[in-house]
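Can you build the whole structure from these sequences, using the hints too?
Chains as they are written, first to last, in the numbering used here: chain X, -18 to 228; chain R, -18 to 228; chain C, -18 to 228; chain L, -18 to 228; chain U, -18 to 228; chain E, -18 to 228; chain G, -18 to 228; chain S, -18 to 228.
No wet-lab data here; the hints were simulated from the structure. All the pointers check out, no bait thrown in.
Here are a few chain L residues that face chain C, going by a calculated C-beta distance under 10 Å:
id	residue
1	109
2	112
3	113
4	117
5	133
6	135
7	139
8	145
9	159
10	163
11	164
12	169
13	170
14	172
15	174
16	179
If you're wondering where the values come from, they're calculated on a predicted model, not measured in any experiment. The beta-carbon is built from N, C-alpha and C at its ideal position, and this holds for glycine as well.
There are 8 protein chains.
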Amino acid sequence: MEEQRTQDLGFARLDVDREARTGTPEVVYAAGKTPAETVACLAGLLDAGLPLAWATRVDAATAAAVRERWPDALLDDDARCAFVGSLPEPRGRVLVLTAGTSDGPVAAEVAATLAACGVGCRRVDDVGVAGLHRVLAVAPELGTADAVVVVAGMDGALPSVVAGLTDRLVVAVPTSVGYGAAFDGLAPLLTMLTACAPGVLVVNIDNGFGAGVAAARIARSAHAGRHAARGLDGLDGPDGPDGPAQR
Amino acid sequence: MEEQRTQDLGFARLDVDREARTGTPEVVYAAGKTPAETVACLAGLLDAGLPLAWATRVDAATAAAVRERWPDALLDDDARCAFVGSLPEPRGRVLVLTAGTSDGPVAAEVAATLAACGVGCRRVDDVGVAGLHRVLAVAPELGTADAVVVVAGMDGALPSVVAGLTDRLVVAVPTSVGYGAAFDGLAPLLTMLTACAPGVLVVNIDNGFGAGVAAARIARSAHAGRHAARGLDGLDGPDGPDGPAQR
Amino acid sequence: MEEQRTQDLGFARLDVDREARTGTPEVVYAAGKTPAETVACLAGLLDAGLPLAWATRVDAATAAAVRERWPDALLDDDARCAFVGSLPEPRGRVLVLTAGTSDGPVAAEVAATLAACGVGCRRVDDVGVAGLHRVLAVAPELGTADAVVVVAGMDGALPSVVAGLTDRLVVAVPTSVGYGAAFDGLAPLLTMLTACAPGVLVVNIDNGFGAGVAAARIARSAHAGRHAARGLDGLDGPDGPDGPAQR
Amino acid sequence: MEEQRTQDLGFARLDVDREARTGTPEVVYAAGKTPAETVACLAGLLDAGLPLAWATRVDAATAAAVRERWPDALLDDDARCAFVGSLPEPRGRVLVLTAGTSDGPVAAEVAATLAACGVGCRRVDDVGVAGLHRVLAVAPELGTADAVVVVAGMDGALPSVVAGLTDRLVVAVPTSVGYGAAFDGLAPLLTMLTACAPGVLVVNIDNGFGAGVAAARIARSAHAGRHAARGLDGLDGPDGPDGPAQR
Amino acid sequence: MEEQRTQDLGFARLDVDREARTGTPEVVYAAGKTPAETVACLAGLLDAGLPLAWATRVDAATAAAVRERWPDALLDDDARCAFVGSLPEPRGRVLVLTAGTSDGPVAAEVAATLAACGVGCRRVDDVGVAGLHRVLAVAPELGTADAVVVVAGMDGALPSVVAGLTDRLVVAVPTSVGYGAAFDGLAPLLTMLTACAPGVLVVNIDNGFGAGVAAARIARSAHAGRHAARGLDGLDGPDGPDGPAQR
Amino acid sequence: MEEQRTQDLGFARLDVDREARTGTPEVVYAAGKTPAETVACLAGLLDAGLPLAWATRVDAATAAAVRERWPDALLDDDARCAFVGSLPEPRGRVLVLTAGTSDGPVAAEVAATLAACGVGCRRVDDVGVAGLHRVLAVAPELGTADAVVVVAGMDGALPSVVAGLTDRLVVAVPTSVGYGAAFDGLAPLLTMLTACAPGVLVVNIDNGFGAGVAAARIARSAHAGRHAARGLDGLDGPDGPDGPAQR
Amino acid sequence: MEEQRTQDLGFARLDVDREARTGTPEVVYAAGKTPAETVACLAGLLDAGLPLAWATRVDAATAAAVRERWPDALLDDDARCAFVGSLPEPRGRVLVLTAGTSDGPVAAEVAATLAACGVGCRRVDDVGVAGLHRVLAVAPELGTADAVVVVAGMDGALPSVVAGLTDRLVVAVPTSVGYGAAFDGLAPLLTMLTACAPGVLVVNIDNGFGAGVAAARIARSAHAGRHAARGLDGLDGPDGPDGPAQR
Amino acid sequence: MEEQRTQDLGFARLDVDREARTGTPEVVYAAGKTPAETVACLAGLLDAGLPLAWATRVDAATAAAVRERWPDALLDDDARCAFVGSLPEPRGRVLVLTAGTSDGPVAAEVAATLAACGVGCRRVDDVGVAGLHRVLAVAPELGTADAVVVVAGMDGALPSVVAGLTDRLVVAVPTSVGYGAAFDGLAPLLTMLTACAPGVLVVNIDNGFGAGVAAARIARSAHAGRHAARGLDGLDGPDGPDGPAQR
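Laid out in structure tokens, this is it:
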């Protein structure tokens, strides 16, 4: 393995060359860190020359600390993400479906991740299988996407249905939406892992970030060439040209 | 509670009046019993005057013992059920769907149970959601049934989809079909319990008997009047007028 | 599948024809939605022409938002349900039993659901098997109901006992009442799934809504004809002609 | 702790004074031991002067080895127990109930254990709650016993019902009888641990030995005085003066 | 079953004759009840003539409501129990051991229950097996008790050790003390169920009430005769003549 | 959804147009089917015009039945797959890594699936993280593949390490290799779902088929154009141009 | 066992001679104790002559109570530990690695424990396997330590990798860091138990104390001789000469 | 990381320098490998110059294949291990305790592993806590060992007790001995992870190999210098100078 740089903050050891190595930069997981630690990590990444430093699982206190340090930071409240720097120009398109409205925050994290990875996204929310016509209505769009991300809690049945309708890879995200025998996302997780249709790949419960990174890799492998930087404006919510919601 | 009779066999205490009380006679659960014990229980029930004595979870040795004692017994190998006596004339109709061919034995137990309860049955096998057109093809039939039983292993997604298409009650039976994260039926069990569509009621994993009894009660509540006895002939497999397969 | 309408709110896609298709309208699951979102969904359903729009899992903030928008809304605090519009005239009767007083809120959700579905309900609370005479006292009523809903936490033993006393279908609702090895409702869930008496069908832990919808379908299949609308008055608590408690 | 003797066999270290210390001798757990090891342990206990040496979980090969070494050994096939030496004269009486016939082998282990502990036993099998009159029929006997052992698989509901009918301690034994959501005895185990009636104490799944020892201690604490030895004859099956079945 | 009375409060159905039937009165489980409901239940039991009405799992609000209604009520904060009426005169003696100081509240519930059942109690706290001499120090007392209750969280190893030292029945209470792989009491629960020493019987996690009732039955079966009433004074903490701590 | 054809075999309903719809034909899951049923399904698919019919989870009896019906069938014993017809010409390349030799059969199923999907494959076995230099030795190859499949049991740590070294998507397959706390594949499943490196997508335990289909989709999205048919020869084992092992 | 002293506080029974017996004194587990109880235990240990009394799982209220009683107490906020008395002079060296910054508090408890046990410690934080060069960078240090403690949440993969690089014993500490399928530390716990590299020993989730004690024993067995006392100064954070952070 | 050699067998990639790197050579895990594969791996290791090649989890067929290839191989049937080459001269001493006779095979694997690692071993079997005097009898030996390995199934309580008696590190091995709530070793695993005494480190269920390697590292760190080779003779069973039993 060729030489890889590390930015040493004492309490953290930033993996500066991760983007060069894996296509995705080190992203700060803010849960379990103090606001000051998250800010220090973001600053360290920017100092190392990254055009965009980025944190997930950002709570209100951390969002405020980021805003104070970088007044022009992009804070996506739905997705609980913070971005400092310039988002890349989007290429390709990933379709993000949710089974219900309550799955929205996880889908927002998917969309924000795609935006940060320079991949376009279209969200269609609330197309659960209990109203199958809603799924069928979106079926014609499936083939126009580079990949499909399906976000669902409770029974988690949507990915099985979608995968039977398309030749695109389905990235399935179980959510902790539901109660009782949903067991905080265990039920949809098992459903998705045992999906009767092949072509379904699964990430951790509520892991919109992981789904976004994976879908972005699929999209990028189908669209060669570089992504130009784009500014922090022009981001829209669900059903328009999707991306992180401006705060 | 008025006086209830018990047939005392020492090792068993047969609940002779259960049919009068609950509409379903005591049925012999042959698992964990010796062939001789099962035969003794069936004989005891017939001695007490029941027109039909009946056992589930019958293995080959027990089936042989039943056949030896009652040469004209009806033995349904698929359903692993044994019947001695006359089956009632069927009234009403329950639709039994399976997600895959491997769910067949459980569906067979549902069908055999319905036959013994005097309720008609139509089976349509292998209509899993990975080929949604197969589900949609059966949709017009849903409204013609008194109740729908859906049998599914692996992701167990079929009941959610079916329940979104009909106003009939859906009795969902998870099966132990599948491997790995299916965890012997835990995955479809949780899926069905958390179905996003209301109108889904769940029984134990592989419990075709319980699903059949429940569906029969729904059908009978919609069809007043007595059921005439019918003989042991005229039973057909899936897709015809369904019922236990003649051995 | 014939054409089905969808009311598109962006963040939600209301399934307007669900009642025509399944006999039960789309009901708003307020958990995980903001008060504003729940209100918007209710308004959308009313706009689409539904005579009654309805939400479950309503917390205090959402209840207040509903009240503010529709001063004559019916808010059932025990059941955590909100209704806007007119309740149908009840037909048929479902008997709702609880094992203990602490199971009351779930039973209240069953009762409210039945009222919204236009089915009558009688609640008898606190008839756990530790005082078997309480169960036996209610036994004569079992046969007068179209279906029986049994709500129980802890050991969840009541449905097994009730199902041995009646030919009515028993819809069993495990609750999260209890501690330790009750594991938030897992213990009664497993108990009910393995009930030694057939005729027991199970819904998710604390799922009073699902139990109510299912019981209503059974009752309605036994009582043909239309339900006239009734106003928001005349609702009583447990042990009278039951239904949602007026706020 | 005063001096305690140990019989050292190299692979085993027999706790010779356990009966003096705890009222119950060391009993050989034959599972995971070779037939020769079990025989050696029994011989070691007899050599140390115990009037009765005893093994549980005895399979066919071990039973044969015991029989070969001690032709007059008492081998209880149902209970899978082997006894060498003289059984004590029974005092007191424990009532042993099973929910179903399939729970019989575990009840047999309870009965054999009671016999070896010098306590009388009466078994009443197959009194599950699905036929409640069978439970009520045995209710008058509850008060005549020193303790009640209830053996049940599947839903495990019987101990809750029995405990509501008596002031005797109920020792509850979950069994692995059942399938699917019974999860090899987990379901009745949780049911019994969360029994809504106090006075229920629980042992491990299928642990007839532990239940027998515990019930014997209760019985003996209520019947002072010594137990005379009795021979290996006079043992009867369920419903008579119970005890291990003669082979 | 002879006639049993029920006190009907609408939301509750008090089992007035439970003490006559089972030796233990209906005790109010205050968790999941409003303070007003608990007070109403206690009042209902007193109205029905019980000399002592009693509630467990009493939180601060409920304790205040009880105190307001009955200024001379006995409120045991450690045990979270409330008593209204006169405690019976204690007979017999149960030894209550805890593995650690943090298990104290559960042991307090055991002690309060014993006091209400009219059985004496001696508590010895913090005798965990990591300091085995503390266990051995208490060993001589084991034989002087009618039964031994062992309360332990974390590894739950204490009952196995104690049961190897005594011929008294050991009632084992797993607690939710611990973290990580203790899984809220699952670890000690499994430990106790699989105790290598017979004579251990298990109750639910943190179920001091159930352990107290069971131990009281054992003690009473060894001490015939009536219990005289005693007043609400004279109760002491651990290590003295134990019982509920006066508030 | 446009018209989709179904081949109705009674016990099965073949989804003939699945390949046109999803890029992957219906593949026969032989587990739970009789050899005759599997043969009938394969024949039905060929009758419907598919150039290649294919079954997974093929045991010895089924393999023999396939061989008897189609003497030139390709039977891959390691992968437990059977192929009838012509394999497509491979395009693109997927790298398949195993953590240990015991993971080989699952990797073989991945390789066979890739071959049937017309995608090239290179297997490198036994590169577990305990000898990290083996992982580093394969690192330079990662970037030459269209996707990477990582197969691992026990701790399942390999995908996390690989994903930190490449920008290719990592499809992770947990296996049931291991014992004790591996819990039949649960341990590596959880490890992979919680991988600290993004870019890891997970399939069911031992699901080589699903991983192969997913990896093939990724590879094909990066390689436009049709795949010419290739015959049943020229297949090699691990470390050469991989594919199903000739029988 | 020779005579062992116990300091009896009524609610606690301090094991005064534990250090003489096991090399580690009784340490106060403050969770589940009131601040006053923790202070009393610490005082009792000091009264018995211990040079250092010490508590873990100290919350803010308890920390304040300790500070009030002993103004010169050492309070380590990160580790949630309190020390009263003099720390021993460190000998030997243990290397403590964390996979991520969020694992820091558990590593702090390890470091504080080592300091109290008189063993030196060097912490290197945030060396997760997603950036493998960070692990390889620390590899040369592994051989210089007496033992290595590895603290990791989420996938818990780091101990497997480290154990393949060193002949030192690896003490693995799973943490509750993570979400979803991490199941509060279950995922890394299972990963570590099934580590493919031998030489990994596991403690409870978040149990930094247990890991510290174990590592200290290993270090001390390699460094004979007595530890001189050192004062409460001179303690540093991660990456310097580690130990508890001064408050 | 300096250059590490790999012996490439195609299906396996032997980690030749693992002993130099970690102190323990690559050991062949025979489960899931064919006899031929295991033999090939052993041969490959010997070819690479290792003085001792070694396999665990060896079944009868593999043992026969090893014996055929190397007639003087050492086959330890109890431990299911095979050794080819010369065992090192033992230094140091580890004490191996079992709670019961049925834990013997796992202890045999510990002993065989220690022998192969060149560390002496003394086994004392069947010292479960139900007969505490057996534990106390071995207490004086604890301090003479370099480390203590405790092997226990069922309640797994022995390590907690032993760790309270010694300053030696206790390596705890849960076994799958037991039934019911032992859940194949889950119960003792959780017990050991939550041991109330520090100084207990845990390995996987039934992992005698891992425990042996770990204990050997502890012993070797306390005994500097090289180990001379010793032949395949002179190995004894439990209670003598322990090691693998000669076949």
